[in-house]
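Asker: Take a look at the letters that make up each chain.
Protein chains: 2
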Amino acid sequence: MPTIVVEVMPKPEILDPQGKAIANALPHLGLTGFTGVRQGKRFELTVEGEVTEEVLDSARKAAAEMLSNPVIEDVVSVAVAEDQQTA
Amino acid sequence: MPTIVVEVMPKPEILDPQGKAIANALPHLGLTGFTGVRQGKRFELTVEGEVTEEVLDSARKAAAEMLSNPVIEDVVSVAVAEDQQTA
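Keeping their order, the protein sequence lines are chains B and X. Counting with UniProt numbering, you get residues 1 to 87 for the letters of the first sequence. Counting with UniProt numbering, you get residues 1 to 87 for the letters of the second sequence.
One should not assume that every hint holds.
The list treats identical chains as interchangeable, and a pair is accepted whether it falls inside one copy or across any two copies.
Claimed, not checked - For lysine to aspartate or glutamate, the following EDC-like pairs were computed, each having C-alpha atoms within a straight-line distance of at most 20 Å:
hint, residue 1, residue 2
1, Lys-20, Glu-53
2, Lys-41, Asp-74
3, Lys-11, Glu-82
4, Lys-20, Glu-48
5, Lys-20, Glu-65
6, Lys-11, Glu-53
7, Lys-41, Glu-53
8, Lys-41, Glu-54
9, Lys-61, Glu-13
10, Lys-61, Glu-48
11, Lys-11, Glu-73
12, Lys-11, Asp-57
The hints are simulated quantities; they were obtained by calculation from the structure and are not laboratory data.
Kindly generate the complete structure, drawing on both the sequences and the hints.
Answerer: Set out below in structure tokens:
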């Protein structure tokens with residue numbers, strides 16, 4: 001069944017303590033070269049049947065109204081996952 | 001600065017109560033046509049300088065050892081975000 005992937009990230013001006021903690025911990029694993037980490041969310045919506053423009057609109061509405069908090073988060077992308085088999 | 005995006009999802013056989021709650025709530029928003037929702041994580045690693053194969057290897061190591069729990073999660077992708085300006 002097709003899957004729509006919704007990606008949500010904290011807005012750039014919002015502090016992200018989880019990302020910060022990861023960024024600080026990476027050097028302890030010997031991993032340098034990264035100046036920052038931001039943690040967001042990724043949703044996979046399984047679609048019943050075909051992905052029509054109407055279904056994509058529903059997914060965009062879900063992303064804006066349920067999957068993200070518009071005060072602190074941006075919806076980075078709403079896209080069909082073509083060949084993914086992770087859902 | 002270039003950004004490497006790491007995507008992590010719960011393994012298919014692992015229960016995902018957050019995703020389930022979202023899937024159950026979508027019809028209340030008038031959004032039908034979705035049979036399931038899975039919630040995972042999305043990380044943006046900001047790279048200092050150029051993205052070399054070595055930096056990508058570091059990102060893959062971070063994804064496997066710090067950004068995901070291999071018992072319950074799969075690393076779905078580790079990729080360079082070409083034109084993204086969200087970090």
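Asker: Honestly, which of those hints from before does the structure not fit?
Answerer: 1, 6, 7, 8, 9 and 12
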